[in-house]
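Protein chains: 2
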Amino acid sequence: MTASQLVLEIPAWVDEVVAAFSQPLVDDEARMALTVRLSRENVARGGGPFGSTVFAEGRLLAAGVNLVLGSGFSIAHAEIVALMRAQAALGEASLNPPPLALFASTEPCCQCFGALVWAGVRRLVCGANTADAEAVGFDEGPKPEAWVRVLAQRGIVVEEGVLRADARAVLTDYLARGGRIYGKFPPSSSSGG
Amino acid sequence: MTASQLVLEIPAWVDEVVAAFSQPLVDDEARMALTVRLSRENVARGGGPFGSTVFAEGRLLAAGVNLVLGSGFSIAHAEIVALMRAQAALGEASLNPPPLALFASTEPCCQCFGALVWAGVRRLVCGANTADAEAVGFDEGPKPEAWVRVLAQRGIVVEEGVLRADARAVLTDYLARGGRIYGKFPPSSSSGG
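Line by line, the protein sequences give chains A and B.
Per numbering that gives the first Met the number 0, residue 0 is the first one in the first sequence, and the count goes up by one each step.
Per numbering that gives the first Met the number 0, residue 0 is the first one in the second sequence, and the count goes up by one each step.
Hints were generated in silico from the structure; no laboratory data involved.
Here the structure is a predicted model, which is why all the values come from computation and not from measurement.
Be a bit skeptical, because a hint or two may be false.
Unchecked claim - Here are some, though not all, of the chain A residues that point toward chain B, as calculated from beta-carbon distances under 8 Å:
# : residue
1 : Gln-22
2 : Pro-143
3 : Val-149
Stated by the list, open to error - Covered stretches of chain A, going by a simulated chain B footprint (3 or more residues, C-beta under 8 Å):
# : stretch
4 : 6 to 17
5 : 72 to 83
6 : 91 to 103
7 : 115 to 129
Glycine is no exception: its CB is placed at the ideal position from the N, C-alpha and C atoms.
This is chain A alone, in the form it adopts within the complex (with noise of 0.2 Å):
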């Protein structure tokens, strides 16, 4: 049997923790502290050391956590949970978004990458980068070599290293708890079926 709808749940604290978090989100350094913040709660409860945010029109739209482990969905990285709910909350302006902008405390794997060329992002602000997240076992896997000049010549701007230490700081912690590292598949010969 296969399923008649797929659902992510987002679990209740990460609402909360926005709703806690003091500082008022006028400025990327303020945008990403949040952004940090929520990967650090994620670890916290069991999830992977990953936020998200979006931003449109200097609000905060959505937020998210990396939820691969709780879910079971590959796919189901922090930036993408952030935009389907960003793209949730815009109806039916989804497809035809104002200018968006997306943080990500450690800058997109090539999935994610590939994700926000079509959901309107306009502005990518990113904490930790890919060497940071190698260097605690993830893997952030091939995207094109240059790839804030691939993004640049689509109008997306890309803004590196906001509160990277902050961002960094968690990912080491994660290691350091023995988090697991998933999506690792070693390269075999078996060919699928």
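Using the hints, position chain B against chain A.
Positioned in the frame of chain A, the structure of chain B alone reads:
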């Protein structure tokens, strides 16, 4: 208000088309024939011209079609729908699956290219290619230049051009019907807020 659940509804006709498909799914051509059939049936119902299927150990695990227009989720490409349904069917084993074969009526875009890396796909079988999709106005987005080699380095085998003419005909028919080309965002100086 942001959603506490993200729900992607799978139309009942998808599995009805699968059930009604009389050709035994014994080889790549037969499996692609079903995948292309799904893409065609989706167009007939107002959806995008893309279908996808996932096989494991010789058995069909899940089928998907592009649900972007119906759901408002830009992520809801056929491959994502099929992979998420396959993971739902696998349950506990979804993050450590048997070797999966992903069939795509058109070569995956940048998003689905990235997503399949994390899903445990070991073999990717494509019908139409990027040039075919671009010829009707779709944008496949920025994949690594040598994307087939990049996947091979990760142990993922790519077969291209299986029933390409049939798959391409669905794209061409979609264009002839005036089907909507979505996911285009003109380069702009607007930076997202």
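Comparing the hints with the structure gives:
no.	hint	result
1	Gln-22	17 Å, violated
2	Pro-143	5 Å, holds
3	Val-149	4 Å, holds
4	6 to 17	holds (count 6)
5	72 to 83	holds (count 7)
6	91 to 103	holds (count 8)
7	115 to 129	holds (count 7)
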